[in-house]
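Kindly generate the complete structure, drawing on both the sequences and the hints.
Chains Y and C, in that order, give the protein sequences. Counting the first sequence from 1 gives a position; the working numbering is that position plus 37. Each step along the second sequence adds one to the number in the working numbering, with nothing skipped, and position 37 is 17.
Since the hints were derived computationally from the structure, they do not count as laboratory data. Be careful, since some hints might not be right.
Calculated cross-link-like contacts (lysine-lysine; reagent style PhoX-like; alpha-carbon spacing at most 25 Å) [said to hold, decoys possible]:
#, chain 1, residue 1, chain 2, residue 2
1, Y, Lys136, C, Lys93
2, Y, Lys85, C, Lys83
3, Y, Lys132, C, Lys96
4, Y, Lys136, C, Lys136
5, C, Lys75, C, Lys96
6, C, Lys93, C, Lys83
7, Y, Lys126, C, Lys169
8, Y, Lys132, C, Lys115
9, C, Lys96, Y, Lys85
10, Y, Lys132, C, Lys140
11, Y, Lys132, C, Lys165
12, Y, Lys74, C, Lys62
13, C, Lys152, C, Lys178
14, C, Lys137, Y, Lys132
Listed next, with one range per pair, are the computed distances between beta-carbon atoms [as the list claims (entries may be wrong)]:
#, chain 1, residue 1, chain 2, residue 2, range
15, Y, Lys152, C, Arg82, 20 to 26 Å
16, C, Lys178, Y, Arg156, 44 to 50 Å
17, C, Thr66, Y, Lys124, 32 to 38 Å
One-sided and incomplete, this derived list gives chain Y residues near chain C with beta-carbon spacing under 7 Å [what the hints assert, rightly or not]:
#, residue
18, Ile93
19, Arg95
20, Lys102
21, Ser104
22, Gly110
23, Asp115
24, Thr129
25, Lys132
26, Ile175
27, Glu176
28, Arg177
Just so it is clear, CB atoms sit at the ideal spot from N, CA and C, and this is done for glycine as well.
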Amino acid sequence: MRPSVQGSSLLISLVLLIISAVGVRAQVVFPQEEGGKATMKCIIEMPKAYVSGLCILRREGETVKGSIFNEFGISAMDFTYRIDKDKVKLHTVVKMMDKWYIRRTLKADLREVMKELRRGGRRYENKRNRITYTFDPIERGGGESDGSR
Amino acid sequence: MRGARQIWWLLVVAFVMTSTAVSGQQMSEEQIRQRIGENVKTMRSVQADFVQTKHLRILDDEMVSKGEMSYEQADKLRWEYKTPYTYTFILNKDKVYLKNERKSDVIDVNQNKVFKEIARIMMDSVVGNSLNDGKTFKTQIGEEGSEWVATLQPQKKDMKQLFQKIVLHFDKSQVCVSRVELYEKNGDKTTIELKNIKINEAVSPGKFTID
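Structure representation (structure tokens):
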């Protein structure tokens, strides 16, 4: 009887461990380690419209490289975030959004978004311009190790 | 330096000669256009699975997504991503329905220029109609093994801002598009491969319903 109870406990522990491991992978919002990646669905909501798409972040030393694109694969923007300097650099922005005032807002917002994601948060609201950024981690296939949390 | 240039020219000449020799046995660009055009006229529906691979230049990474598509002549298209995220795009005449995990929307394509363009490119690319759209694209078609390959250079300002070029691969045996490659201005590339293609089989009417 006792061995069976022990066996059941072991099985339950194992199942809990697997469930918690899956849970941890699902929480990936910021690459904490060298080479780590985070893949997320993102929605940017503005007062009169919203855009949805995907965001991928990849850590290289103190730099996080990021790309945001729509579900069909069309790029919206590429950027880098320097963690040590707390600075965002926009590399490319899709032509229809490539205006100086949009770039300025995006740079400031992405800086706050990166800090929020680094803290484990998933949502940032620019109250002044009433823009909300929401991120939901997704699991990519192929069993890739992303070295993130 | 001069030697290297001569070698390069020799290679070019050899390539041109080989191409000319091969093209002697191949269909002309006009014949390929005609063959695809004839098939488009008889194409009532297309259903397929798709694999979309987005190559991100800045990250040196690839994002693979998979789903199903259905097309019905003349203006109905369903494009549904199933993994690793869910997203549904339905075009039915002049209405587009979008649905993700959080939101759903119906958009009138006549009031949204961007969606009108996206919807038209997706549909025309899948069927092969883009080849005849001389105003939007300058097209070159060639034969490569079991495929015809059409390279589309955008001519309109909106399209030029998004894409360097679009390449359509046609399966010769089925005379339909089997792969679409979208080359973006930022160096990214998206490849959409169509698999298990079913042509002119009945499509459930519910596939194109917009609530």
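Hints broken by the structure, by number, lowest first? none
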